[in-house]
Amino acid sequence: QQQVKQSPQSLIVQKGGISIINCAYENTAFDYFPWYQQFPGKGPALLIAIRPDVSEKKEGRFTISFNKSAKQFSLHIMDSQPGDSATYFCAASSQGAQKLVFGQGTRLTINP
Amino acid sequence: DAGVIQSPRHEVTEMGQEVTLRCKPISGHNSLFWYRQTMMRGLELLIYFNNNVPIDDSGMPEDRFSAKMPNASFSTLKIQPSEPRDSAVYFCASRLAGGSYNEQFFGPGTRLTVL
Chain A
3 QQQVKQSPQS LIVQKGGISI INCAYENTAF DYFPWYQQFP GKGPALLIAI RPDVSEKKEG
63 RFTISFNKSA KQFSLHIMDS QPGDSATYFC AASSQGAQKL VFGQGTRLTI NP
Chain B
2 DAGVIQSPRH EVTEMGQEVT LRCKPISGHN SLFWYRQTMM RGLELLIYFN NNVPIDDSGM
62 PEDRFSAKMP NASFSTLKIQ PSEPRDSAVY FCASRLAGGS YNEQFFGPGT RLTVL
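Those sequence lines, one after another, are chains A and B. Sequential numbering of the first sequence, starting at 3, is according to my numbering. Sequential numbering of the second sequence, starting at 2, is according to my numbering.
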């Protein structure tokens, strides 16, 4: 019940296209859903996060869509650029919990 | 701020040797996390501390692994004896507790290779 399932494992998108990464969870106590971005040789860094009181959050080209009834959330990258090539992790936690439960990660490659 | 500092950045050792990984969290942060990243298992939480006290070590794989946080600015993760299957990238992260949704800041990681 603590798992967060992420798909796909890898994704190749053409420059200018839309990249979509999906995550699903079981624990209904989760109420914080961040996405982390990791470049090769670096640690993960927070990209964008959402709480379930909204269905969508947008920051620049990055959007999180959240479906509480389906217990799913997704990251959309609009106008994908080669510089977006990285590994993306979804995660979840519950209020008061210190730790994050991470998905398995998606390796995104944007072809020029 | 220098961010989370980890050392060494790379470590190559032989099976059976003791390995010590070090972490300096961001000044003022009071939660510290140790993670392990592998291709097969992704990003796994090993242990975390609040105010220097270990809170959850359920992710520590075996008794060969131990972690300490003697003060607010330093933590170690020790593997003794090391085995080839311990080869991974180990990350330390810190966070300012007190809010439910505070960001975790990750260090650059230590790439461990056990031969």
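Rather than coming from a laboratory, the hints here were simulated on the basis of the structure. Please note that the accuracy of each hint is not assured.
[Unchecked claim] Far from chain B by the CB rule (all over 12 Å, computed), these chain A residues:
no., residue
1, 43
2, 74
3, 76
4, 78
5, 83
6, 102
7, 112
[Said to hold, decoys possible] Each computed DSSO-like pair below joins lysine-lysine, with the alpha-carbon atoms no more than 27 Å apart:
no., chain 1, residue 1, chain 2, residue 2
8, A, 101, A, 17
9, A, 59, A, 70
10, B, 25, A, 101
11, B, 69, B, 25
12, B, 79, A, 44
13, A, 101, A, 7
14, A, 17, A, 70
15, A, 59, A, 101
16, B, 79, A, 7
17, B, 79, A, 101
18, B, 25, A, 7
19, B, 69, A, 101
Since the model is a prediction, treat every value here as computed from it, not as a measurement. By construction, the Cβ of each residue, glycine as well, lies at the ideal position given by its N, Cα and C atoms.
Now the hints, each set against the structure:
no.	hint	verdict
1	43	violated, 7 Å
2	74	holds, 19 Å
3	76	holds, 18 Å
4	78	holds, 21 Å
5	83	holds, 23 Å
6	102	violated, 7 Å
7	112	holds, 21 Å
8	A/101 - A/17	violated, 35 Å
9	A/59 - A/70	holds, 14 Å
10	B/25 - A/101	holds, 19 Å
11	B/69 - B/25	holds, 12 Å
12	B/79 - A/44	holds, 22 Å
13	A/101 - A/7	holds, 17 Å
14	A/17 - A/70	violated, 31 Å
15	A/59 - A/101	holds, 22 Å
16	B/79 - A/7	violated, 30 Å
17	B/79 - A/101	holds, 21 Å
18	B/25 - A/7	violated, 31 Å
19	B/69 - A/101	holds, 18 Å
Violated hints, in rising order: 1, 6, 8, 14, 16, 18; the structure is consistent with all others.
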